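In order, the protein sequences belong to chains A and B. If you count the first sequence from 1, position 399 lands on 665 in the numbering used here, and the numbers rise without skipping. If you count the second sequence from 1, position 475 lands on 741 in the numbering used here, and the numbers rise without skipping.
It should be emphasised that the hints constitute simulated quantities derived from the structure, not laboratory data. Note that the structure is predicted; figures quoted are calculated from it, not measured. The reader is advised that the hints may include incorrect statements.
If chains are identical, the list can't say which one is meant, so a pair holds when it fits in one copy or spans any two.
Stated by the list, open to error - Only pairs whose alpha carbons sit at most 20 angstroms apart, straight line, appear in this in silico EDC-like list of lysine to aspartate or glutamate: (1) Lys-646 <-> Glu-342; (2) Lys-706 <-> Glu-311; (3) Lys-494 <-> Glu-418; (4) Lys-548 <-> Glu-604; (5) Lys-494 <-> Glu-698; (6) Lys-653 <-> Glu-704; (7) Lys-653 <-> Glu-698; (8) Lys-494 <-> Asp-304; (9) Lys-387 <-> Asp-648; (10) Lys-603 <-> Glu-657; (11) Lys-387 <-> Asp-733; (12) Lys-732 <-> Glu-605; (13) Lys-646 <-> Asp-329.
Protein chains: 2
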Amino acid sequence: MTRHNTRDIYPATGTEMTCKSWLTEAALRMLMNNLHPDVAENPHELVVYGGIGRAARTWEDFDRICAALRDLEADETLLVQSGKPVGIFRTHADAPRVLIANSNLVPHWATWAHFHELDRKGLMMYGQMTAGSWIYIGTQGIVQGTYETFAEAGRQHYGGSLRGRWILTAGLGGMGGAQPLAAVMAGACCLAVECDETRADFRIRTRYCDAKAHTLDEALALIEGWTKAGEAKSVALIGNAAEVFPEIYRRMQAGEALPNGRPDIVTDQTSAHDPLNGYLPKGWSVAEWQAKRESEPAAVERAARASMRDHVAAMVGFWNAGVPTLDYGNNIRQVAKEEGLETAFAFPGFVPAYIRPLFCRGIGPFRWAALSGDPEDIYKTDAAMKKLFPENAHLHNWLDMARERIAFQGLPARICWIGLGDRHRAGLMLNEMVRSGELKAPVVIGRDHLDSGSVASPNRETEAMKDGSDAVSDWPLLNAMLNVAGGATWVSLHHGGGVGMGFSQHSGVVIVADGTDEAARRLERVLWNDPATGVMRHADAGYDSARDCAVAHGLRLPGIL
Amino acid sequence: MTRHNTRDIYPATGTEMTCKSWLTEAALRMLMNNLHPDVAENPHELVVYGGIGRAARTWEDFDRICAALRDLEADETLLVQSGKPVGIFRTHADAPRVLIANSNLVPHWATWAHFHELDRKGLMMYGQMTAGSWIYIGTQGIVQGTYETFAEAGRQHYGGSLRGRWILTAGLGGMGGAQPLAAVMAGACCLAVECDETRADFRIRTRYCDAKAHTLDEALALIEGWTKAGEAKSVALIGNAAEVFPEIYRRMQAGEALPNGRPDIVTDQTSAHDPLNGYLPKGWSVAEWQAKRESEPAAVERAARASMRDHVAAMVGFWNAGVPTLDYGNNIRQVAKEEGLETAFAFPGFVPAYIRPLFCRGIGPFRWAALSGDPEDIYKTDAAMKKLFPENAHLHNWLDMARERIAFQGLPARICWIGLGDRHRAGLMLNEMVRSGELKAPVVIGRDHLDSGSVASPNRETEAMKDGSDAVSDWPLLNAMLNVAGGATWVSLHHGGGVGMGFSQHSGVVIVADGTDEAARRLERVLWNDPATGVMRHADAGYDSARDCAVAHGLRLPGIL
Ligand SMILES: NC(=O)c1ccc[n+]([C@@H]2O[C@H](COP(=O)([O-])OP(=O)(O)OC[C@H]3O[C@@H](n4cnc5c(N)ncnc54)[C@H](O)[C@@H]3O)[C@@H](O)[C@H]2O)c1
Ligand SMILES: NC(=O)c1ccc[n+]([C@@H]2O[C@H](COP(=O)([O-])OP(=O)(O)OC[C@H]3O[C@@H](n4cnc5c(N)ncnc54)[C@H](O)[C@@H]3O)[C@@H](O)[C@H]2O)c1
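All chains, please: the whole structure from these sequences, using the hints.
Right, here's the structure in full:
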């Protein structure tokens, strides 16, 4: 069982296929793209993002998946169980080519401890969300979500402008690395604490972060200058959030000098969902941490959990002092609560605070990637999307900023948050562009599992649902089965993404636009049905805007409407 | 929200459809059949079997499901969320007509307490296995499984003959009611403790049990006479297992008079998986129990759990004294263990003890029902099955005994345990019989969720797997998605069946043989793939017989073989 390997993986580009159809070629390229050196956080260990979110269980499994995809016929389906290819079965042309189930555990055993035991035995892999379902597109994927969240916070708390404001956060990993750029796009400054300097350097190299500091005073001086000047810029502070957050809180309470006297928004994106691998304990060096994960896992976990408690205690302090504070979906409040911090859930998660209204209309992180590998293909789709949605000024702004500020990683890709009624139109348009030859090669279309109808995660996406149905996971299972029935190209069911083992169940979907009539029929069904299940789920929970959306789009929801 | 209703539900029979195709007509008839007065344990409360296993969430939902099925087009799919119809979406002719997700909860919240909270709010329904997935066929469904288990125990412990032996058990509900008949078919006597006299009377009325007793001495006297005479007969003792089991154990230890000096096999099928609704506490009357479930649920649960501990303690006593003792899949050992009985898992579950070798070859509870409603249709299929499998003497015996001893309940149906390579042949044959007009109407084909590839349940079906992968639930999720992809008629994903909330995840599949070519193609795929996933799962776990079976059938299992 090999998890370490020094091979560099690059997906094929261009119009020559090594598989028997574009559907399987797409799966192969996207799997490889997830491990592209510019995309994955730690590709030699098969880690794509989010702690230990992997694309395949072992390198042997990676090779076997590639071989199976190259060989797969148009009426066959490959089954992948926690990153290992386990079977090839006969289905039909309109069925998915790949079905994936990652990290799923029977609830009573759904803990990190049991997962790690199975993982050590070679029986499991953590799939996160888009890592094990082969539709991660690098940090860009998270930029818009983060941007929308910060912008909405600005609207709710600062009259629509974040000029002269600063955001305190931590974690510059695969997802968290989007924060400085998203903050700047939203008009704010950002101080991001990151313990691993290589992560910070990666963000600076890819233009997601502007500056680096080694001391808190240095970082605060930069923020002071930028906020005064009304400039939106970001700094990575090399340090430990469990030390820096409490220190800033102390200074604020003590009335010591701080830009604006306090941070204007506080959040966090360390990998707190994974106490063994994702959170540096206070007082430890990164090297010590990495070594002890192997030799003393229990000690690492204990120390990390205790540090998270201190970290969250500071966040609760900011919240109580009136600073808009949000959990950004890493389950850190849950850990702090388990560590005895009764008030851990004082501040809200980002979904109920800012994102749910979008989910009610099926709006979420729609994305596509150009299998040609040619950035021009994406630029053409940018322009076409603007033409398709001429009235959507917000979308136009986003596409302009994205083109200007976001460096592609791996296969060129674009993300934009659109909802029911728009997604299938976008999909059909992309298919048309492939058919006409305007694009050089087919396009894959997918989304995050963090979406409207695809996830049950009571500490994050389904926190505080109106009817109390936060923990009901029938919905993502129905979503996955419906996407299989609709003819998506690959469909996945995962457990534990985002918030860790025990805390979420979710499904992913990817569909290929290869320019054929058959693809058009599938795209129309899948890209309608998929966001429609989100509207259905929120309508069932009693959200008026979801019911209105369902009525406006003529959804047939027998027990609901 | 109405759960009580005095309506009696009977499925339509004959060849006239009220739906637009046989696929949807089949779903409608089988839903109704689940609530047929001769089939369901408590149809007026929508309860089919297994504690509170329901076919629909409320009577309003039942009516809405029926209306939706009557209206459903050949390219549409109905979504059912915990017994409530929530959406109708466009798919295609080869996709399932119904997709069902019942009782699924995010692991950290997957407890009876949380389930009951949601259930009271009208947000959930317990689907058990075949109750909420509309393929329960009455007690017959369980007879063969129980028969196979007792017969195998006879082979392992008593040289192949149970003549003159007696089995001690409890619970004569929907599933447990099969025990006396299965014991008798296997050649043994049976003493079954049942607290609810109406349940015992029901079994006697339907010829599953031979006699009734009100005192232990009376029951033992009957057993004494039958075992002496070498007659295989059964008696229902009206009493509480938590009192009777310890008393028999006491007599055995004390050397007091007992047939054979001890029971020859001990097991149990009370609904221990559901401590609130399924197990009568010691010293309580049934009436008191029923009343207090509403008024003092916590007290009921506490008392039931304490009684189960005593019950299991007696079973451990029998086991330690050398009596073959088995958990029959109701999770009673788990409860006893939680109640502090350290030795609760001393005796094995029935799957690792007797059933797993069958699962390794994809063999499990295959079943079919005649939508015509005509018993002759089933008798014709009995004969045809014998002809199709001329070499399978075991199957022939079973079919003969079943015909003789099993009274049909609701739509006439037959079950027989067959595996990979045989199921699709049986399905194609049934389809041919429909096509040729030999059968009056189409046939539905399905199976229990307790099957080879469809369940993760570490205290039951996947107890003590060779590689320790008991809790990995990727497998049933892949099974469900593959059956959707293959074109089954309805597919379901459930949580908590058999062993209760938190302890299992499993999938169901039903497919209609309507005599068409399209059905034949789907049957061939689905009835091959479905057992093949079971062989795959057991081959992956390292069972040689599963690997041999996979090789023999030419399965393509890239990461496994
Ligand atoms: N809200 C969302 O939309 C969303 C989306 C995806 C992921 N997430 C969650 O956000 C978290 C981060 O995801 P990621 O992909 O960036 O993970 P990652 O593992 O790639 O990055 C985490 C980063 O945090 C740093 N870190 C760890 N402990 C630290 C500490 N004590 N102080 C400072 N820095 C520390 C690590 O060095 C690493 O760079 C995860 O929990 C993930 O589940 C949220
Ligand atoms: N092993 C298998 O193949 C298999 C299959 C299905 C179900 N089961 C499990 O078997 C159990 C029984 O299933 P069912 O459908 O018959 O359930 P059920 O609820 O219909 O029947 C349970 C019966 O037990 C009786 N009972 C309860 N407490 C009792 C006590 N203290 N003493 C005596 N009798 C008592 C009840 O009156 C009832 O008749 C469930 O836990 C179920 O999950 C096992």
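Here is what the structure says about each hint:
With identical chains, the CA atoms of Lys-646 and Glu-342 are never at most 20 angstroms apart, being 33 angstroms at best within one copy and 35 angstroms at best between copies. In the homo-oligomer, the alpha carbons of Lys-706 and Glu-311 never lie at most 20 angstroms apart, since the shortest distance is 32 angstroms inside one protomer and 60 angstroms across protomers. Taking the shortest alpha-carbon separations for Lys-494 and Glu-418, neither the intra-copy value of 23 angstroms nor the inter-copy value of 82 angstroms comes in at or below 20 angstroms. When the C-alpha separation of Lys-548 and Glu-604 is checked against a cutoff of 20 angstroms, the pair qualifies only within one copy, where the shortest distance is 18 angstroms, while the shortest distance between copies is 37 angstroms.
With identical chains, the CA atoms of Lys-494 and Glu-698 are never at most 20 angstroms apart, being 49 angstroms at best within one copy and 82 angstroms at best between copies. Taking identical chains as interchangeable, the C-alpha atoms of Lys-653 and Glu-704 lie at most 20 angstroms apart only when both belong to the same chain, with a minimum of 15 angstroms there against 60 angstroms between chains. In this homomeric assembly, Lys-653 and Glu-698 come within 20 angstroms of each other (Cα to Cα) only inside a single copy, at 14 angstroms, whereas the closest approach across copies is 54 angstroms. Taking the shortest Cα distances, Lys-494 and Asp-304 never come within 20 angstroms of each other, neither inside one copy (35 angstroms) nor across copies (80 angstroms).
In this homomeric assembly, Lys-387 and Asp-648 never come within 20 angstroms of each other (Cα to Cα): the closest approach is 46 angstroms inside a single copy and 46 angstroms across copies. In this assembly of identical chains, Lys-603 and Glu-657 lie within 20 angstroms of each other by CA distance neither inside one copy nor across copies; the values are 45 angstroms within and 63 angstroms between. Taking identical chains as interchangeable, the C-alpha atoms of Lys-387 and Asp-733 lie at most 20 angstroms apart only when they sit on different chains, with a minimum of 9 angstroms there against 41 angstroms within one chain. Taking the shortest alpha-carbon separations for Lys-732 and Glu-605, neither the intra-copy value of 28 angstroms nor the inter-copy value of 36 angstroms comes in at or below 20 angstroms.
For the homomeric pair Lys-646 and Asp-329, neither the shortest alpha-carbon distance inside one copy (34 angstroms) nor that between copies (50 angstroms) is at most 20 angstroms.
Consistency with the previously given hints fails for numbers 1, 2, 3, 5, 8, 9, 10, 12, 13, ordered from lowest to highest.
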